Structure formats: structure tokens, C-alpha cells
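J.: Chain residues, written in single-letter form:
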Amino acid sequence: MTPPEQPKSSDGRRGFIVKTIALICGGFSLLIPAAIGVVAFLNPLRQKSTGGDFIKLASLEVLPEDGTPRKFPVVADRTDAWNRFPDEPIGAVFLRRTAENKVEALQVVCPHAGCSVVYEASAGEKTGKFFCPCHAASFGLGGERLDKTSPSPRDMDSLDVEVRNNTEVWVKFQNFQSGAAKKIVQT
Amino acid sequence: MKTLLNWLDQRTGLVTVAQTCLNRPVPGGASWFKVWPCTIAFTFCVQAITGFFLWMYYSPGAQTAWESVYFLQHEVIGGWLLRAVHHYSAQTLLVLIGIYLVQQIIIGAYRAPREFVFWATVLMGLVTFALLLTGDLLAWDQNSYACTQVRTKFLTLLPMVGGEFYKLAIGGPAFGHLTLTRFVALHIGLFGGGFLLLLVLHHVAVYRADTAKSKSAEKSTPLWPDQIMRNTVARLVVMVVILLLALQHGVSADHAGVALGSPADLDPSNYYAAARPEWAFLGLYEFSHLFPGELAILPIFCIPGLLVCVALAMPLLGRCRAGHYFNVAFTVVILVGITVLSFRSVAKDRADADHQIAIADEIAQADRVRQLARSPEGIPATGALTLLRNDPLTQGPKLFKQHCAICHDHLDAQQKGIKAEESSAPNLFGFADRKWIAGLLDPKQINGPGYFGNTAFKGGDMAEFIEEMLADLDEDEQKDIEKLVMALSAEAHLRSQRELDAKHAEARQGRQLLLDDYGCTDCHKFHDKGKLGHGTDLTGYGSRQWLVGIIANPAHKRFYGKENDRMPAYAKDILSDRDIALLVDWLRGQWYVEGLGIGD
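One line per chain: the protein sequences are A and B, in this order.
For the first sequence, position 187 (counting from the first letter as 1) is numbered 187 according to this note's numbering, and the numbering increases by one without interruption.
Just add 1000 to wherever you are in the second sequence, counting from 1, and you've got this note's numbering.
Derived from the structure by calculation, the hints contain no laboratory data.
Please note that the accuracy of each hint is not assured.
Straight line, CA to CA, 35 Å or less: simulated DSBU-like cross-link-like pairs of lysine-lysine [stated by the list, open to error]:
| id | chain 1 | residue 1 | chain 2 | residue 2 |
| --- | --- | --- | --- | --- |
| 1 | B | K1562 | B | K1525 |
| 2 | A | K19 | B | K1398 |
| 3 | B | K1002 | A | K19 |
Just so you have them, the derived chain A footprint on chain B, three or more residues with Cβ under 8 Å [claimed, not checked]:
| id | segment |
| --- | --- |
| 4 | 1040-1046 |
| 5 | 1236-1249 |
| 6 | 1293-1305 |
| 7 | 1496-1502 |
Because the structure is a prediction, the values reported are computed rather than measured.
Think of the CB as a built atom: it goes at the ideal place given N, C-alpha and C, for glycine as much as any other residue.
All chains should be built: construct the whole structure from the sequences, respecting the hints.
T.: Written as C-alpha cells, this is what we have:
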């Protein structure tokens, strides 16, 4: 018995056209929904991180004159996708008086891996220091690295400070990328 | 390249599988009538892809579901298109499965050896219904909530287990967080996953049936490239249709894509009156109306269940010729029936004025909540519904209708607005604005129905004073009255008159006229002059504080005292302070307006 006659599938020039149409249509049809999804997926890149404005943190008189640092929360309106939260803590800053009318501000976030640095008061030594509990980095009161080989790639991040009306301490609050040797503002 | 493919095939066998699939025989050769399975698989792919990205934005929870969809729809670039493509591809999927099923029935393709192809298709159709029903609720707007509320309540019709099924479906005795978490899991996990399984089962059944057939005498060609070309062209056409549906309302406005209604309100007194199921369920909806309430289990469960049983039995019935004719006739009758019932339902709703009003109200509310969500305060953590509950423009008319419109009208010059059940007290539209006060001081209007006409004050001291003293005024006197109106109306501090009130000179003259020439303070108190006890206090007349006071207790000596007509003291167990404030803010036009803020 001979095998049943098969209708010929397209080959040659016609076959090429058919194959091209198949590939183009097949590709486009799937590309459309995928592209729409990817555009929505990439939306977070448009979102900017908060910060960059001067915020009133404290009054000058609450800062000890001996230069002991104090930690202050940064309170601002926070937007979380569709929700808006008025007056929420969005970060914290160490403030330290360096002269009668001069204040220095340091981010509490460790430049190494983003943990929160704590202040350790002097224990028999002359002054206290900053210490990061995650990877044991130590920083001086000015934020400079104290260890010979510090886990932190850079000194603590200082922030711009303005003393307004001789009493109000305003800080330009920003977050910085961790792990880099240079201070890079997070956008 | 070839070496790489060989290596891959040797390790995994994937290349061989792909070649087998591409070269599998198509009995009878390539045809445009054979594209349906591929378009169904493709449309499901669109569902899966867009669903995956929707999932990244969705937050199931009674205070976050609508809000996250709002965020996607209005804040995420292309988010509305993503939603719309997902929505319309679901509808398209149902249509494609319907076409495929009908084609199988008509040409008798459900017969051996293709029974499983047919059964898998029927089950895919059912799972698509389940996908539509569960997906519908996730937007958590008024319509989807109201529809799902009714649907899940149907579960209680089931004997013995009804109550338990209901609780299991919605995650407790009432709708809330757990309803949404459940519906997400059912939608994606059970029904999405289930559809995929059925799709695979279907394609395996097709492969086996076609392979068996091609060994018999029939002619056949390989799938690649002729049939695949037809399939992919059909896929692209389906995708274009979905896109056109998604783009039918434009690309930029708030209503682009699939409209998102106002957030689901679980308060039964705010139940959405115009809730209707999606088109695919309209026939069943109308069908259920043919039965009396106590027999509701028949149209909801028994008869649709029976239909599914008949559909599943078709491949067996179709073995004989008569059975096949029955199947075809049955299908035609059902399709015609569904179509007729669906159109009847639509026609009924079109002719129903109340239904159309309810829809218009809901659209207005959805617009309003969008405006409020975009206000500087944004959506609070308690959800977008809080915005509506604290909005005078939304709550004011409801409160007025319920508590004030027994006696008071609130009708503008075109007689549009809220009509009282029995107009027997002043029309409060534009209360205390210049036009309203000018009308009050008009001898022709004071005893008319818009002011004291139907009250105890008709022909009273005030009306008498106006009729005697303010009739037949000369031009100068008329100017005086205009100034007096300005002065009194300025007491209300209405936002609508802020710019007018800022012109002080004339109002100052009017104030003097009010205090001296016209002797208002003989009966009324006005700031430092006059005494309380006879007429109402004109100090801050129509201001927020004044209105809150009179609604709270009109019989207070600051207002009508003992002469109070019929108005109850609303602060006593009728309205909360919050409700009174909302009502007052609405009467005074003090609500959030884009660009203007709340005012004051």
C-alpha cells in the first residue's frame, strides 16, 4: 500500500513569505502586552525620594554647649504610593554644637551598609564616639573614621545646617547612597 | 549554532519536542478555521502577562484595594492601558471559547477521538466565567462590590451548606480584607492555574487526536509554517481588537480604558442601586427574574448546572445522527435565548429613569473622589472612602434630603435641585447670599413660598415691616437697600462672594443704614447694637458658626426663641456635630475645589 498523498507544505519563495509573516505576527502579538506591562513595571523609576529641603529640627538651646551630639527625628509629610501621611518620621540626624552659634549635622545612616549609627558616650575616654552596631565601624564626633581599616568606605555624611534667627536649627535633609567612597545623593 | 542546538537537544530533548510540535500533522491541511485554539492560548497569555504586572500594583485590603487600583489607573504611566487590556482580553477570551465551542458542535468535531478536546474547552469556558467573577471584585468599586455581594449571597440558597459556603467564599460573615485576599488567591492561583492546566490538557488531546487521524487515509500537512502563519495572523488580529476595545474611550482623560467607580462602601445605606453584572451574565440575570424569589435556586444553580451537564454529554449524544441534531438545536436555542434575555435587560434599564439617575450619581461620585484624591491632602491611611465621608459636596445633599427636605426646598432659579416633600419652609438655595437676602427684603417675595409663605412667620412682624416700609421705594432708597443687602450678606463670609465682599465702601454704608436708618436693631441684635430675644441675631448671619447654631437649636434665644416654628433642634439626638458641620459647609458652598482648596 502506498502512503496517502500528502498536500505539499509551502516551500521556496512562498514558504519564505509565509514563515516571515508567521514570525512577525507571532512576535508582535506577544510584544504588545509585554511592552505595556514593562512600561508600568518601570514606573518606580519616575518616583523621586523625599528630602532635599531645609527642615527645622531643633532649637539651639537644647544642644549641649560641650559639643555632645544629640539625635533628632526628621519629621515631614510622607507619600507612600497612593497614601499621604502628614508629619511622619522620615529619618534622623545627629546635631552637635561646635561653637556658640555653629552646629554640625550628621546623618544617622551608616555610609557602609545603611544601618543606624549610635552615639556612645565617653567611658573613661576623653569624648564619646559614633558606633555602628552592624559591622562595628567607629566614627569620631566629626564623623571621621576611627578604625585603621574601617568597614565604612567614607566618613559619616554631614548635612548642610543653617541657624536661623539665632535660635532655630534648620537642616537640609538628604539620604546618600551607601557603600560608595563618595557622597552621592539618593534621588 | 548547530552544535549548540545538538548539545541542548542531547541534554534536554527540547529541540526534538519543539520540532515534533512544529511538524505535527494537521489533518486536512492548513485552514483559517483551525486558528481558534491558538487564539485562545494566546489570549490567555495576554491575561497572564498583564495580570502579572497588575499583581505588582495590587494591594488586597478593604482600605487599599481601590486605592491601589486608583494609583495604577491614574498615577502610573500606561497603568490604565494595562488594566484595560487585561479587562478586554478576558472578555475576548470568553468570546473566542464560545466561537470555538459552537464551531465544534456544528461541525461535529466533538466526536471520537476528540471528546477530551471538547470537554477541556467546556471547562475552560467555565473557568473563564470564574475568572471574570473573581476578577471583577478586585477593583473594589461600588459596582463590583454590589454585584459580588449579590452573587455570593446566592450561595446561601444551597440547602444545608449555603451559610457555610458563603462564609468560606468571602472569608467570614461579612465582606472585608479577607474577601479580597481570598478572591486574589482564587483568581490567580486556582482559576488562573486551572485554566493553564486545561489548556495543556486540551492541546495534548488535540495532538493525540490529530496524530491518530493523520495515520488514517486523510491528507495532512505539517503545522509549520502554513497553519502557524494563519495562527499568528489571527493572534495579531485578536491583539488589535483587544487594543481597539481598550482605546475606545480615548487615551488621556480620566475615563480612558476601563472606568473605575467610586470606592466600595460597605454601609448598606449607600448601597449602589444600579449594580449590574457584566454583559456575559446579563442573560442569566434577566432569566432569574422569570422566577419567583422562593425558587431562585432554579435559575441560579439548577438550570445552569443542567446546561453544563448537557454540554458535557454532547460528545456522547452526538454519536448518533439524531443526537448531533439535538446538540446543534440545543446550542442555537440557548444562544438565542441568552441574546434575547440580555437585550431585554439592557432595554429595561435604558427605559428606567431611576436606574439612569443612580448611574449618573455614581459617575459623579467617582469623579468627585478622584478630585479629592488629587487634593494636597491626598488619600489618608483610612482609605479613599474617608474622603467622601468628610466631603460636604457628597454628604450635604444626602443629609439635606433626609433631614431638611421634609419642609425646605433647595432649588436654583431653574427649579433644579432638591424639592421638599411638602414645601413649607424657605428655599435654602444660596442662603444668605446677596440674591437670597434681596429676595427676603422684597415685599413681593417675603410672603411667597420661597420665604415665609408657608411658615408661621407669614404676615408676621418681619413680613409686615418689609411690606410697609420697603414697598414703593424711590431710586435712592433702592440703592440703600442694595447696600444694606451687601452689608448683611457679607456677614456670611461666603466663598462665592469673597471678591464682592472685599469692596468695603458700599458695605460700610449699608452697615450704617442697617444700624441707623432702617432700625433693624430695634428687633435684631447686630454686633454691639440691639438685643437678643425678638428677631434672630444678625451678627454673622449665615456664617458657619451661625448656621451650625441654628441647626443645632433654632429655639435658642439667638435665633427664633419661643417663636420657633416647627424646626427641631438637630443637635439633640438627630444629627452629630460632624453631620451638622457637613450640612452647613454644603449649604455655604464650602467644599474642596481644585485650585481653590477648601477655603476659609
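J.: Compare the structure with each hint and give your call.
T.: These are the hints, each one checked on the structure:
A hinted pair counts as satisfied when its Cα atoms are at most 35 Å apart, and K1562(B) with K1525(B) qualifies at roughly 16 Å. Taken as a hint, the K19(A) and K1398(B) pair is broken in the structure, with Cα atoms around 64 Å apart against an allowance of 35 Å. Annotation: proposed proximity of K1002(B) to K19(A) holds, straight-line Cα distance about 20 Å (limit 35 Å). Only when three residues or more bring their CB closer than 8 Å to a CB of chain A does the claim for the segment 1040-1046 of chain B stand; here the count is 3, and the claim holds.
A count of 4 residues in the segment 1236-1249 of chain B with a Cβ less than 8 Å from any Cβ of chain A is obtained; the coverage claim is therefore met, three being the minimum. Given as covered by chain A, the segment 1293-1305 of chain B fails the check, having 0 residues with a CB less than 8 Å from a CB of that chain where 3 are the minimum. As drawn, the segment 1496-1502 of chain B meets chain A at 0 residues by the rule of a beta-carbon pair under 8 Å; below three, the given contact is violated.
When each numbered hint is compared with the structure, violations occur for hints 2, 6, 7.
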